[in-house]
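Participant: Sequence:
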Amino acid sequence: MPRALSRRSLLGGGLALLGLGPALSACGLGTAGGFIPSATLAGPLASVPSLDGARIGVGSKNFSEQLLVGKMAVILFNAAGADTQDYTNIPGSSSSRQALVENQIQMVWEYTGTAWIAYQGHDKPIPDEHQQWQAVADEDLKEHNLVWLPPAPMNNTYGFAVKREEAERLGITKLSEIKNVPVGDRTFCVESEFNNRNDGFKPMLQLYEVPFGSGVPDKQVKIFDTGAIYAATDQGECVFGEVFTTDGRIKALDLVVLEDDRKFFPLYNLSAVIQKPTLDEHPQIRDLFAPVTEKLTNDVLLDLNAKIDVDGEEPTAVAYDWLEKEGFITR
12 MPRALSRRSL LGGGLALLGL GPALSACGLG TAGGFIPSAT LAGPLASVPS LDGARIGVGS
72 KNFSEQLLVG KMAVILFNAA GADTQDYTNI PGSSSSRQAL VENQIQMVWE YTGTAWIAYQ
132 GHDKPIPDEH QQWQAVADED LKEHNLVWLP PAPMNNTYGF AVKREEAERL GITKLSEIKN
192 VPVGDRTFCV ESEFNNRNDG FKPMLQLYEV PFGSGVPDKQ VKIFDTGAIY AATDQGECVF
252 GEVFTTDGRI KALDLVVLED DRKFFPLYNL SAVIQKPTLD EHPQIRDLFA PVTEKLTNDV
312 LLDLNAKIDV DGEEPTAVAY DWLEKEGFIT R
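Counting the sequence shown from 1 gives a position; this note's numbering is that position plus 11.
Certain hints may be false.
[Unchecked claim] Result set (DSS-like, lysine-lysine): computed pairs, CA atoms no more than 27 Å apart in a straight line:
id, residue 1, residue 2
1, 213, 230
2, 135, 153
3, 287, 153
Derived by calculation from the structure, the hints in this document are not laboratory data. All figures in this text were calculated on a predicted structure; none of them were measured in a lab.
Build the full structure now, drawing on both the sequences and the hints.
Facilitator: Here it is as structure tokens:
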């Protein structure tokens, strides 16, 4: 199974399991819905032509970061005057993808690595960020008439994190330095699936010259559910914990993500993906999303995801407050 299938939880096996008919308005699609506060475009978006008359369905997957950026899109489209349908919180990547491909929704935020590996079926990621995005965009335009707008700087990929005091004690900032760490300190918390993949944990150790067994003893690898790894790393169950690089718990627990300096992990940059007929009819959508996308860095997502996952704030409120703070909308 491609790595992206598990990390993005491709649940449900498609739209048929959700009872979807030819139109979302007649289906039982589980979505976040809820109240979306009104706004007016401001700052760099104030001159974007109105989307009055446009009918746009916005989807997202059902985890915090996706709900966050999905709600951003709904708020922006509403502020631009579109008739926006909120289909955020679709259960599973496969369902979200199918809804977009079949034009049952017209826009989602998607990750380049997920598309390249899970949807388009490629085995080897492209290490250059722009080239990876371009390859995904070219294939999706040709095969599915989907347009990938330029990607955000953020990259929500796999990584390994260390408690800040441990990073300072060991003098380590990147994965290639693990080989300089005493063998007794090479302790890892990983999820079961990543531990057993033929393109996962053990190949990563091999690339970084600390092979499983001789470089990292079996007894020094502990298996956890994905969500438990953050606390386990913080509590000293291991030195190195497998994480996703924009997870808000990284910031909340003051963990340090080590640089993947040999580029083992695929790139998962976020892009707004739109049905081409919708974009052709309303080309101002490019201008609506460009300045917002440029601001979505790893640091921004770490902070916003923490507000949801750690502080318990609602994704809609977090999305609205950030858009307002950055000057993209006004009340």
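Participant: Work down the list of hints and note, for each, if the structure agrees.
Facilitator: Here is how each hint holds up against the structure:
no.: 1; hint: 213 x 230; verdict: holds, 14 Å
no.: 2; hint: 135 x 153; verdict: holds, 20 Å
no.: 3; hint: 287 x 153; verdict: holds, 11 Å
Checked against the numbered hints listed earlier, the structure breaks none of them; every hint is satisfied.
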